[in-house]
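S.K.: Take the given structure of chain V and dock chain W to it, following the hints.
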Amino acid sequence: MTIPQTTSCPPASQPRVSRRAILKGSGVLALGAMAMQLAHGTAIEQSEAGTSNGLPHKGRVIDCHAHLTHRSRATWEADDRKLIEAADKLGIDQLCCSTLTPHRPATADGFRECNWWTDDGMRRFPGRVLGYCYVNPGYGREALEEIRRCVEDHGFIGIKLYNEYTCTEPVVFPIVELAIELGVPILQHASHSHYFVEDQPRMSDGGHLAELARRYPEAMLICAHISGGGDWEWTIKALRHTSNVLLDTSGSVTDEDTVEMAAAVVGVDRVVFGCDSSMTAGVGKIRGANLSAQDKQKILSGNMMRLLQRRKS
Amino acid sequence: MIVDVNAYLGHFAFRRLRYNTAASLLALMDSKRIDKAAVSSAGAITYHNAQAGNEEVAQEVRGRSDRLIPYAVINPFYAGWQDDLKICHEEFGMAGLRLYPKWHNYQLSSPCCRELVDAATERGMVISIPIRVEDNRQRSWLLNVPDVPLEEIVELVKAHPKARFILLNGIGYTGCPLGRKDNGLPSNYAVELSRLSAVLANELGQLITNLGPERVMFGTGMPFNYPDPALVKLEVLDASETDKEKIRSQNAMIWLRL
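Protein chains in written order, with the working numbering: chain V, 1 to 313; chain W, 314 to 571.
Source of the hints: derived by calculation from the structure; they are not laboratory data. Here a beta-carbon is modelled for each residue, glycine too, at the ideal position from N, C-alpha and C. Take these hints with a grain of salt, some might be off.
Claimed, not checked - Pairs of lysine-lysine residues, derived as BS3-like cross-links and limited to a Cα-Cα distance of at most 27 Å, are as follows: (1) W:Lys471 x W:Lys415; (2) W:Lys494 x W:Lys399; (3) W:Lys557 x V:Lys82; (4) W:Lys475 x W:Lys415; (5) W:Lys415 x W:Lys399; (6) W:Lys494 x V:Lys82.
As the list claims (entries may be wrong) - Computed Cβ-Cβ distance ranges for the label pairs, DEER-style: (7) V:Arg202 x W:Met314: 49 to 57 Å; (8) V:Tyr195 x W:Lys494: 52 to 60 Å; (9) W:Asn457 x V:Glu211: 22 to 30 Å; (10) W:Leu498 x V:Ala74: 28 to 36 Å; (11) V:Asp269 x W:Asn457: 52 to 60 Å; (12) V:Arg214 x W:Leu571: 52 to 60 Å; (13) W:Ala365 x V:Arg306: 46 to 54 Å; (14) V:Tyr195 x W:Ala365: 25 to 33 Å; (15) V:Gly140 x W:Asp556: 53 to 61 Å.
Next comes chain V alone, as it looks inside the complex:
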């Protein structure tokens, strides 16, 4: 299976942030910024030269956490188009998308429908939308069959788990084992607040993900939206010692030092860029982080590409 290349962006008739701009200004010192721009210039040249293995180019920008719109919303088609237009403006090449249902907990028919729409989105925006298969683990065999169908037959790149179950509950284990068999990542909705979140009683947090990662060291797990998942310092520290969990930078919170602390504590190889619909926040955080251009490029796509290359079929 190959991961499709991006199609060309439409003519830049509207304001647009270039990849170079995302990477610029990453240090306070002008010299640092200049060095990074020079370094990224190389990366851009490499990306434009292309690669031969069908994987995203080095130098790309991959949003690891995005959503297409559930079609119960009348404006879904325009909303999906706006997502792609926003990605165009912000220099985001590819978006790893799931479609979630507002009718939770999701039924088997409910998540199948969502995945059908994600699959359709992959066709409507070829090369731009990569699909996560969303399931409710409580549906056991039906959930496993749906994952196998989406990944093996329809080229989905991973699995999205929401809050129907805490990720350490045994009902989730077969999903993780199948993900390991297929060699695909699981993006796990997560948050840690210092109070009980009543409307999400089975919320997972970094601690749960660390526990799951220790149980399944071969699994590739992504802890969703550290910047919108409560106390991000807690989450980063909870995941320090679990090398098979990556941290997704998405979310609406733009607290200074989030990205730098994540890179310092868990290592820059375990941080992946995401927006989760907070587009300018997502891009701005990476642009503002005081990291080298090489490190930023790992976050923007290199680490996600490395994950996607571990696919087994």
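M.R.: Frame of chain V, contents of chain W only:
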């Protein structure tokens, strides 16, 4: 030129802030090409005596007031606020206020707050109100401070038509009268863009249409926030360069009388 109407100095009780001294904030501003910033005390958000934070800010900006415009944090329920206001304005040269009704536990509609707004207006000071300080989901186990309800702001701007308000760190204005066209409210308030969406829902674009580009201002929330998300919003904003220039600096220069 870029003028940031939403910046801070000092320590915040619940999270380490970097770039929180005058020197380091200016270095950050230089790296982002932000020329001026209105700054107030982050410490005063949780100090009992907010004036101690104002004194710290006054000390920090000394000799740098061409770029760092000091704002006072005043709690109208704390003893001696009238003296503090006078000192902040007359001795420290603070041109505006920041109010924290939820953090300081008072109502915007309370007589004391109304008295403070009138006193500040009498002095020609701008009154800025951060709708939130931090995302509530990451709050400390010690407290639960809600955002300032926009409905309370509606009543405030109506009650003080001669005052000038800048609303910081807000979102959802288009869902209430504040962000609607022809809302019958006095045009005595402006909104700062740091949390507004510039793509997808594009509340920023809607507010420019509904309120006019003269009532939207650039702000970052630094050093609580990375300044870059706000800068990116301006870059991708689908607006004329004339309107962007108003948002970037001109409106703030007029409102802050720079």
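S.K.: Hint by hint, which ones does the structure fall short of?
M.R.: As far as the earlier hints go, 2, 8 and 11 are violated by this structure, in ascending order.
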